[in-house]
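Colleague: Protein sequence lines, in the order shown, are assigned to chains A and B. Each residue of the first sequence is one higher than the one before, starting from 2 at the first, in this note's numbering. Each residue of the second sequence is one higher than the one before, starting from 2 at the first, in this note's numbering.
Hints listed in this document are in silico derivations from the structure and should not be mistaken for laboratory results. Quick caveat: nothing in here was measured; it's all calculated off a predicted structure. Be a bit skeptical, because a hint or two may be false.
Said to hold, decoys possible - Pairs of lysine-lysine, DSBU-like flavour, derived with a Cα cap of 35 Å:
| hint | chain 1 | residue 1 | chain 2 | residue 2 |
| --- | --- | --- | --- | --- |
| 1 | B | K332 | A | K238 |
| 2 | A | K269 | B | K215 |
| 3 | B | K238 | B | K269 |
| 4 | A | K215 | A | K9 |
| 5 | A | K215 | B | K238 |
| 6 | B | K215 | A | K215 |
| 7 | A | K269 | A | K9 |
| 8 | A | K269 | A | K238 |
| 9 | B | K238 | A | K332 |
| 10 | B | K9 | B | K215 |
| 11 | B | K269 | A | K269 |
| 12 | B | K215 | A | K238 |
To be verified - Stretch by stretch, here's where chain B covers chain A in the computed footprint (C-beta under 8 Å, at least three residues):
| hint | region |
| --- | --- |
| 13 | 87-100 |
| 14 | 187-193 |
As the list claims (entries may be wrong) - Covered stretches of chain A, going by a simulated chain B footprint (3 or more residues, C-beta under 8 Å):
| hint | region |
| --- | --- |
| 15 | 196-203 |
| 16 | 211-225 |
| 17 | 246-254 |
| 18 | 259-273 |
| 19 | 285-292 |
By construction, the Cβ of each residue, glycine as well, lies at the ideal position given by its N, Cα and C atoms.
2 protein chains.
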Amino acid sequence: MGSVGIVKPQQEHFSEPLPLRSGAVLADYTLVYETYGTLNADRSNAVLVCHALNASHHVAGTYEGEDRSEGWWDNLIGPGKPLDTDRFFVIGVNNAGSCFGSTGPMHVNPATGGIYGADFPVQTVEDWVDAQARLMTRLGIERLAAVIGGSLGGMQALAWTLRYPARVRHCIAVATAPNLSAQNIAFNEVARRAIITDPDFHGGHFYAHGVVPKRGLRVARMIGHITYLSDDAMEAKFGRELRAAELGYSTQEIEFQIESYLRHQGDKFSEYFDANTYLLITRALDYFDPARDHAGDLARAFAIAREHKFLVVSFSTDWRFSPARSREIVKALVDNRIEVSYAEIDAPHGHDAFLLEDPRYHNVLRSYFARIAAEIG
Amino acid sequence: MGSVGIVKPQQEHFSEPLPLRSGAVLADYTLVYETYGTLNADRSNAVLVCHALNASHHVAGTYEGEDRSEGWWDNLIGPGKPLDTDRFFVIGVNNAGSCFGSTGPMHVNPATGGIYGADFPVQTVEDWVDAQARLMTRLGIERLAAVIGGSLGGMQALAWTLRYPARVRHCIAVATAPNLSAQNIAFNEVARRAIITDPDFHGGHFYAHGVVPKRGLRVARMIGHITYLSDDAMEAKFGRELRAAELGYSTQEIEFQIESYLRHQGDKFSEYFDANTYLLITRALDYFDPARDHAGDLARAFAIAREHKFLVVSFSTDWRFSPARSREIVKALVDNRIEVSYAEIDAPHGHDAFLLEDPRYHNVLRSYFARIAAEIG
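Chain A extracted, bound-state conformation (with noise of 0.2 Å):
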């Protein structure tokens, strides 16, 4: 098993207005991708990986010259790993509205001349699928042999055999939901919240006044590392141990070594990510919500994925999106007596064990993965 090796983005700039589920229109936008392996002669072995909250289309492999800067889920993809790339063409892109090359809010909005800021329109997990597949005809790919993502990223996944059945074979959703429940909302909106009421945001124009509302950012960033651990694996990883070899019986200071684990997560997420991407994608998985259309009924959402075949994996530990979560989508796939594998897999680690390296997960991916490679012959 090796990596994918040195691996550069490519961008892609399209100027037809994208149609979004706000009514607002994308006019103009760039969307920056990375893809590894090659596409075979009938165009029939590529695989979309879609991203999550604090993700791009780096997935796999490294930059020339940087160290330590192997793709989010280079663990997964890459020659004889289980997403092989000896067999599949493989997609990495960013979504608009996102900070890591794409058009974002830290772009120049086209109508003003000025920077898009808060001004940036909201985007939905509908509105990305829509731009990836407008992107996947630009790369010759008519009909993907499968769309992966884990979190936010299986909800990309999931809405893709929703809105262009006849464009994916397979759709992989891990660690995911059908949509996010009243306490996922809370998490996101107190994090929104502390980043709305830094006096640095300046209602989202704080590019203009050359500050970041890193204060909000950072308590953003701590509220949602603790739900993507669970609290076996942080009492596991910290417990109650002390940064110094006495408590200093300080209100401010640090006293517990998760503090420092959390403010230190906290700080370097503030250095680099985007206030309002923050705000933007958490709001696309609020408003994620298949079943919405069908008056709440999950499975009559999916009877257009009839022709499609799941995998559908969650984690035991996971309290963001249990295993629950995912047995919901499971069983409106099996009320539309769709083919869908399920694998619940007993990890310590939370939500964040979709991009860990369990030998269980990866096997069920690898497995997975070879069937498809044995379909498409």
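Assemble chain B onto chain A, guided by the hints.
Modeller: Coordinates of chain B only, in the frame set by chain A:
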């Protein structure tokens, strides 16, 4: 079953310095308290109620001329109620460092003549219990029939048996834990960071600037509130219900009812709660860890409590202080052959259940207090 009726807070001043676990002292302080019922001739029927983060000495009854001023445990305490004021003399006391009348960060530091602010000495559960014990002495109560509390209040109840074994007969610890988990500390830390990084916090000396770090307090309360409710209760109460008929597609405005509810809770809280108190009380939660002085062995910590009887109560959906944490307490007691009753109440409301009127829960408390009443005669 009736109300204890109109009540009035009382106060006691203590000029003898209180040595604190941090090594500092509380030089001079006042404790505000309330009592309900009548102390019997042999002073054997006193029950101390300890409060949690956002509560006070005002445990039962109402204030003259104030509608909706019921004490926070009014459903439990009164004539004919589970904690029957026809039989017991019940005392509620506001802890030092709180913001409901007892000496706290918003009061004058006698050493400087200025407002304490962030200089208010760090309090621990043990310090509060020491102060409570002094108050009991002042009230002529040598031995409590029982000490009861939920959440952080339950920690104080536990600490009473360890610190003043001769001064309390029964300990009733509800919805509590022998210490905070890493995840619990993490949630506290995020809330504290939201407050401390609010520019209006001014290092805890905001009083001098005529401002209040309301942004931070709002976010802190929103985070806390999510952890007080069960996922299921939040889903049942709010689900994905929208505030308006249609989605507004906004990252900054309210879309879902749960957002509206959380913002309202945050706004209310920021109007009356003190930011330094929030830091102090969450730190007292973090620090509580009776096993720490016994090489992490909780059973050894409780060896001193052999003469006591315990009631431990947990709630099935409480994920902040889960039943598993209560069972750790029970196990440590059983290991010492200490008499303990344990009730795990199947309740949907999460951590907040300890404040609610659940018949199974209240029946357990009613029986237990009836037994105490029989014992003291």
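Colleague: Run the distance test for A:K269 versus A:K9: straight-line Cα separation, threshold 35 Å.
Modeller: holds (24 Å)
Colleague: So if I understand the rule, the pair passes when the alpha-carbon distance is 35 Å or less; does B:K215 with A:K215 pass?
Modeller: holds (18 Å)
Colleague: How about the region 87-100 of chain A: do at least three of its residues have a C-beta closer than 8 Å to a C-beta of chain B?
Modeller: Per the Cβ count (0), the hint is violated.
Colleague: Has the given pair, B:K238 with A:K332, been kept, meaning a C-alpha gap of at most 35 Å?
Modeller: holds (24 Å)
Colleague: Hint check: B:K238 vs B:K269, CA-CA at most 35 Å. Holds or violated?
Modeller: Holds, at roughly 20 Å.
Colleague: Is B:K269 close enough to A:K269, meaning Cα to Cα at most 35 Å?
Modeller: It holds: about 32 Å lies between the C-alpha atoms, which stays within 35 Å.
Colleague: Measure nothing beyond the straight line between the CA atoms of A:K269 and A:K238; if it is 35 Å or shorter, mark the hint as holding.
Modeller: Roughly 20 Å between the alpha carbons, so the hint for A:K269 and A:K238 holds.
Colleague: How about the region 246-254 of chain A: do at least three of its residues have a C-beta closer than 8 Å to a C-beta of chain B?
Modeller: Per the Cβ count (5), the hint holds.
Colleague: Between the region 211-225 of chain A and chain B, see if three or more residues pass the 8 Å beta-carbon test, and mark the coverage as holds or violated.
Modeller: It holds, with 5 qualifying residues against the three required.
Colleague: Next pair to validate is A:K269 with B:K215; report whether the Cα-Cα distance is within 35 Å.
Modeller: Distance of about 26 Å is within 35 Å: holds.
Colleague: Can the region 259-273 of chain A be counted as covered by chain B under the rule of three residues or more with Cβ-Cβ separation shorter than 8 Å?
Modeller: holds (count 5)
Colleague: Can you confirm whether the C-alpha distance between A:K215 and B:K238 stays at or below 35 Å?
Modeller: holds (33 Å)
Of the numbered hints stated above, the single one contradicted by the structure is hint 13.
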